[in-house]
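**Q** Given next are the chains, with one letter for each unit.
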Amino acid sequence: MASSPEPDPHPNPPDSPAPDWSAIEADPDFRALLKAKLRFIIPATIIFVVYYFALPILVGWFPEMMSKPILGAANGAYLFALSQFFMAWILAFIYVAAAAGWDKRAAAVLKKFRF
Amino acid sequence: MPPTTPPPAGQSPAALAMFLAFVAATLVITWYSARKSSGAGAYFAAGRRITGWQNGLAVAGDYMSAASFLGIAGMIALNGYDGFMYSVGFLVAYLTVLFIVAEPLRNAGKYTMADVLAYRLKPRPVRALASLSTLTVSLFYMIAQMVGAGTLVRQLLPGVPYQIAVIGVGILMVVYVVFGGMLATTWVQIIKAILLMTGSIFLSVLVMQKFNFSFSEFFQALTAISSTLPDGTTVTRNFLTPGLIFKNPWDQISLGMALVFGTAGLPHILIRFYTVPDAKTARASVVWAMVIIGLFYIMTTFFGFGAAALLGPDYIGQHGGTNMAAPELARVLGGEIFFAFISAVAFATILAVVAGLTISASTSFAHDFFTNVIHHGKPHRPGEEVTVARITAFVVGAISIVIAIILGPEVNVAFLVGLAFAVAASANLPVIIFSIFWKRFTTRGAIAGLSVGLVSSILLIAVSPDFMGPDAWFKLKNPALVSIPLGFLAAWLASLTSREPSAEAMFHEFQVRSVTGLGSEKASPH
Chain A
12 MASSPEPDPH PNPPDSPAPD WSAIEADPDF RALLKAKLRF IIPATIIFVV YYFALPILVG
72 WFPEMMSKPI LGAANGAYLF ALSQFFMAWI LAFIYVAAAA GWDKRAAAVL KKFRF
Chain B
881 MPPTTPPPAG QSPAALAMFL AFVAATLVIT WYSARKSSGA GAYFAAGRRI TGWQNGLAVA
941 GDYMSAASFL GIAGMIALNG YDGFMYSVGF LVAYLTVLFI VAEPLRNAGK YTMADVLAYR
1001 LKPRPVRALA SLSTLTVSLF YMIAQMVGAG TLVRQLLPGV PYQIAVIGVG ILMVVYVVFG
1061 GMLATTWVQI IKAILLMTGS IFLSVLVMQK FNFSFSEFFQ ALTAISSTLP DGTTVTRNFL
1121 TPGLIFKNPW DQISLGMALV FGTAGLPHIL IRFYTVPDAK TARASVVWAM VIIGLFYIMT
1181 TFFGFGAAAL LGPDYIGQHG GTNMAAPELA RVLGGEIFFA FISAVAFATI LAVVAGLTIS
1241 ASTSFAHDFF TNVIHHGKPH RPGEEVTVAR ITAFVVGAIS IVIAIILGPE VNVAFLVGLA
1301 FAVAASANLP VIIFSIFWKR FTTRGAIAGL SVGLVSSILL IAVSPDFMGP DAWFKLKNPA
1361 LVSIPLGFLA AWLASLTSRE PSAEAMFHEF QVRSVTGLGS EKASPH
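Sequences listed follow chains A and B, in order. Residues in the first sequence are numbered consecutively from 12, following this note's numbering. Residues in the second sequence are numbered consecutively from 881, following this note's numbering.
Okay, chain A solo, but in the shape it has when bound (with noise of 0.2 Å):
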């Protein structure tokens, strides 16, 4: 690369070999992480997509029932949209807690390494 190596402000120790990561992956805590994060991720990804395409759907093919108005004059089509917004971020901050108990796991695995 034309660029210098950037200094590292947290060197391992000089001595330290190339990790081996084949190692680490093998390890059964990052085995565990890793499916951790499966675990979250797939589900939570269905969950979005499923109710992110419901909006289109139900207001394409049933505008009728879309368009009864629920709270005051809003209908059901503004109010599923706008729980949209809600939707995100709700799971967003879900993904936050639950990926700061995968940084602790994943900070665990590689002291084991000496990382």
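Be aware that a few hints might be false.
Said to hold, decoys possible - Straight-line Cα separation of at most 27 Å, BS3-like style, residue types lysine-lysine; simulated pairs: (1) Lys79(A) to Lys1160(B); (2) Lys123(A) to Lys1402(B); (3) Lys115(A) to Lys1160(B); (4) Lys1160(B) to Lys123(A); (5) Lys1402(B) to Lys1160(B); (6) Lys123(A) to Lys1319(B); (7) Lys990(B) to Lys1319(B).
If you're looking for bench data, these hints aren't it; they were derived computationally from the structure. Since this is a predicted model, take the numbers as computed values, not measurements.
Use these hints to put chain B onto chain A, whose structure you have.
**A** Below, chain B without anything else, positioned relative to chain A:
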């Protein structure tokens, strides 16, 4: 209740003064960044020292284009609820970014999206195609913004011709990127995001003041909006009713797919995650961006529907049309000074987005194509990569100025933005997802996914109603419904027909690195 005496159109010295103030401020930032920037890490990734909230604002500033500010406001103002559907998709898209892309990208990559794809695969063909896809997305998106900028400036400052406006915007974005690099681009985007949020909040408060801050009064007013049809008859419609303009639900689904899966493949958004110190900060910045972007798109309720209720579609049609709904609303509610402010905000919005697009295109060309494809990723003269990026920014700027001027102000550019999202969703996202999650993914799979996604979305757009009119061969306005599955299918099938033991062997390393951040690029010291 449209006002009876519309103020004289244009001739706004206040608007000109605010334009110039914004330009001056951004040039000072560029000058300051140019003095601080040295080295590739500084130029391409702002030294990776942007904080979470700063990057969140910058992502929001990079993302909320004039199309969303002026375009969505106008669509809601003229046709009600259907326009609001865009607002929803633009935010929900960030869940894909947050859950799937942002952290692995930050941990495994260096400057571009292609870094992640090339990690395990043969770098030259993969980077060449990824760079082509990046340049395609950036250029289409940029031309749309430039044409928008030209028409907008012409309406806001009637003395300025279209060509001059396009050249001016083009020169400014090149100056930011060539001299200030990622640091200047970031701060232009942060300032723009703050200005846009301030303007939107003021505008929303002024709208709600007209309804005594009562939501029930506001929504009640939306149930009976009168407008004149082209044949001269007057209709009164409930603007909260879906389907007033979008008649085919499949169009909405296809568009939704382009937005929700395309955002996570937009190169100018992805490279923002290299500007932060680590994956945790990248995650925090997505959440900051989601808060800002979400609040903004919820506010399109107030200034979009507000313009419909307070000005009426007919008034907007007579005063600049769709794109001028928000500025005209500002003029009627807040006078000339507020009109000038909102106009300057719209201008800032365009500049921040085109700067982000320019730097993503030039980074990809310099890092992916020049360094890694032509020079095989081997060391060459120091600083050369940055020099190539600067030249590319200049060339990209010149090309988009020329194309925007050739197309002219009257061309409908909405399809270009849809195309950019569709290419990002169909070419980039499938290969990013397979790179991150699928051990058996191969170089052949990446090449097939990128090319099929890119070509199918462009071809389907070329035979769509936007291009061919009502007799189009392909009936959907956005190709995503077909082209995204094609991109995934091509990448999957081509991977199955090939074996790449080296790529499979590297998967362990990739997984450890993308999950733990071990070995990831560090921030430069102060």
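**Q** Lysine 115(A) and lysine 1160(B): Cα distance at most 27 Å?
**A** 11 Å, holds
**Q** Does the alpha-carbon distance linking lysine 79(A) and lysine 1160(B) stay inside the 27 Å limit?
**A** Judged against 27 Å, a Cα distance of about 44 Å means the pair is violated.
**Q** Within a Cα-Cα threshold of 27 Å, do lysine 1402(B) and lysine 1160(B) meet the stated pairing?
**A** 13 Å, holds
**Q** Compare the distance between the alpha carbons of lysine 123(A) and lysine 1319(B) with 27 Å, and conclude whether the hinted pair is satisfied.
**A** 25 Å, holds
**Q** Does lysine 1402(B) sit within 27 Å of lysine 123(A), going by the straight-line distance between their CA atoms?
**A** 21 Å, holds
**Q** Sort out whether lysine 123(A) lies within 27 Å of lysine 1160(B), counting only the CA atoms.
**A** 20 Å, holds
**Q** Straight-line Cα separation of lysine 990(B) and lysine 1319(B) no greater than 27 Å?
**A** Within the cut-off at roughly 21 Å; holds.
Violated hints amount to a single one, hint 1; each of the other numbered hints is respected by the structure.
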